[in-house]
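With the hints as constraints, model all of the structure from the sequences given.
Those protein sequences? They're chains A and B, same order as listed. No gaps in the numbering here: position 21 of the first sequence is 21 in my numbering, and each next residue is one more. No gaps in the numbering here: position 642 of the second sequence is 1642 in my numbering, and each next residue is one more.
Everything labelled a hint here was simulated from the structure, so no lab data went into it. Model, not experiment: these values are computed from the prediction. All C-beta atoms in this analysis are idealised placements derived from N, C-alpha and C, irrespective of residue type, glycine included.
With a straight-line cut-off of 25 Å between C-alpha atoms, the simulated BS3-like cross-links for lysine-lysine are:
no.: 1; chain 1: A; residue 1: K25; chain 2: B; residue 2: K1634
no.: 2; chain 1: B; residue 1: K1579; chain 2: A; residue 2: K30
no.: 3; chain 1: B; residue 1: K1666; chain 2: A; residue 2: K29
no.: 4; chain 1: A; residue 1: K29; chain 2: B; residue 2: K1667
no.: 5; chain 1: A; residue 1: K25; chain 2: B; residue 2: K1651
Not close to chain A: a few residues of chain B, all C-beta gaps over 12 Å, as computed:
no.: 6; residue: D1084
no.: 7; residue: D1192
no.: 8; residue: R1430
no.: 9; residue: E1434
no.: 10; residue: F1435
no.: 11; residue: G1600
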Amino acid sequence: MSEKNSLQITIEVPHEIEFSEEELKQLLKKFRSWVIDTRPEEKGLRTNLKQIRTRVSTK
Amino acid sequence: MQICLITALTIFDFDDPEVTTRAHEPLGTQLGVLCLAASAATHGHLSTIIDLDAITAGLLGSSGKQVTADDLFEACVHALARTDAQLFGFSSICSSYPLTVRLAAEAKRLHPQAYVVLGGPQATVVDTPTLEAFPWVDAIVRGEADWTLPQLINAIDERGVTASLEEVAGITFRRNGGVVRNPDAALIANLDTLPLPAFEMDPQIKYRKSARLEVGRGCPYRCTFCSTNDFFRRRPRFKSTDVILGQMKELHERYGITSFSLVHDIFTVDRKRVVEFAEALLKSGSVYEWSCSARTDRVDDELLALMAKSGCTGIFFGVETGSSRLQRVVDKELDLGTAREAIRSATAYGMKTAVGLITGFPEEERNDLRDTVRFFVQATRSEHAEPQLSLLAPLAGTPIEKKYRDLLALDHIYSDMTQRGWREDPKDLRLIKEFPRVFPNFYAVPTLLPRHYIAEVRDFVDGMAFWFRWLSIALLNATEDLLYVFDEWLRWHAHRAQQESQERMDRNSRYYCSNLFARDLLAFVGQSIDSGCLPNTQSLRNVLEYEVALCDLEPAPTVEASPTGIQRASLKSRVRKAKGVVVRSFTFDLPELLDSLQSGEQLCKTDNRNCFTAIIARRGRPIQVLQLSEEAAKLLLLCNAENTIANVVDKYCDAHLGQNNRTLRKKEAFAGLTRLYEDGLLEIQPATQD
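As structure tokens, this is what we get:
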């Protein structure tokens, strides 16, 4: 999952549409997201000319 | 005696200080030199260490200007001048041997009374030619020097006059204008007798999280391209499990190190020992990470599972060639099916799995190269696999170098093993040209395929798989022949050169490491599908669309950690997508597409299925692609910084009118906003800022 927010913001819900905890749980499922691919930053963000190889030799 | 040990330079890339220093930081001062310092200390000799990588990293870190090879040389000479010692001992590897030799000359010039000694893998195999070529080198210690170096020091008196060098096995030295080569030293049979390397001499050790730790020496195999037999020879020797664990514990307690690169050419050659080590580590309750090198036919699923359980997070497999024929020719003799299975298995246990491959063998035909490239790309199917394709360097003393010694040519196309950064140092080059016997790794063996073609295939495949893992696999699936793709790529470039008047970057290694290549490759694949030069498969089209979407991203600055606590957002609070979040929809099932590429299974028909994603791109963070439910995507798209929560809820309900009652839709919208916020996809201006 992405970086989750640590600051909890409670959204004020109008009285007429308040829901039970169980109802909220069900509704939250409808808005689920899940990671399907990741890649290191340098492999994904080609915004500047960057060398990818560090010439390191050990023998 | 006061001695000075000088490491071999392993870093050569002066153009990108960030990348270079990052590569140096984790492991620190070279293990071999730390071992010798400890060994000398047990014989009462004081050492100082000049760490050339640290000097380089320091220059790159502190200098506001471009660092050159001359700057580095000057800094190293300055370090030598400041050091008072009776013996200067230089470690050596093939890639930086010209620099080592030049610095040895400076050591002799600055300290004419001192004894100048070379050792390490490169000096060991070119001992006589080195002494014949460079009069400032007094002696060479061949092979493991833990015992030999103290014996050599003892044989030299304080004025640098040698007395009984003939009695020191394992050295080559000067005597009466000639070169004397003593017999090899005996192997150190019991490695447990060696002291803990002098980690305290690495000034940064307290700040490191990982360290190299030697666990054994000697490889029983005789691959024709490998030089390890000349240094540690063929009898595998191991430190005992008790000693290894004891040293790990000591480094943890002294310096807080919890990650260990266990050094042995082939740690898993003795399965029983690895099992014993892993079980003992588990039993000890210590939680360490470790990594090692192995052969794919010296592991099995059960062993890998145990290794992973005990903390093994990385493994290096030298597969060398994806051609069964060449496996036999170079005496590697791996079964490639077993190799694929070992890679799959190691990565399945979460190990970062480096897969070393070599191209440019003298006997390599087009089919062999095609098979190696195929193996390379197939390896990328595994999540944690990191294939590497290097050009063969004829390492001194190897069967290949001996066989082709008289046919070596200096074509300035260097192996990654040998490559000394992006530019050649003219001073090094002069030595390389004059003394081919001393520096054969910079030369080329004759090949059946043109060397420039092989080198460019390497750059192309390396760059393509680095940036476009999925596209590489899709191209392989669609064509079954990535050399065909490469040839089409060359044609596309030639055609474009005719069409365009503007000067473009040469297709050199630097080009293939640039984002220009990344963008050109996407253009090439798209245009080649349209023109019929590449197959118009659904998978290839879809992957291209996905890669283009990722390629167009602009990274957002990293979000500072939010303050903790609870605040309230009112209906008037404005909402927007979090920085770095892009919502994209695709007309195909992206997860199924990625699954099929990873598994190698045929792609089911996935067209006309909407797939909503959020792509998160922030500086310094991995890019993440999240699949969103359709409702989440719709809601997120409404969060455009202009809309308040009330607006978003209303618009969401409007879009769903007639489907159900409005109250339920409102509930959905509020629940959805909560979820999107919790998942970090949404920013809400707190009520206090309304």
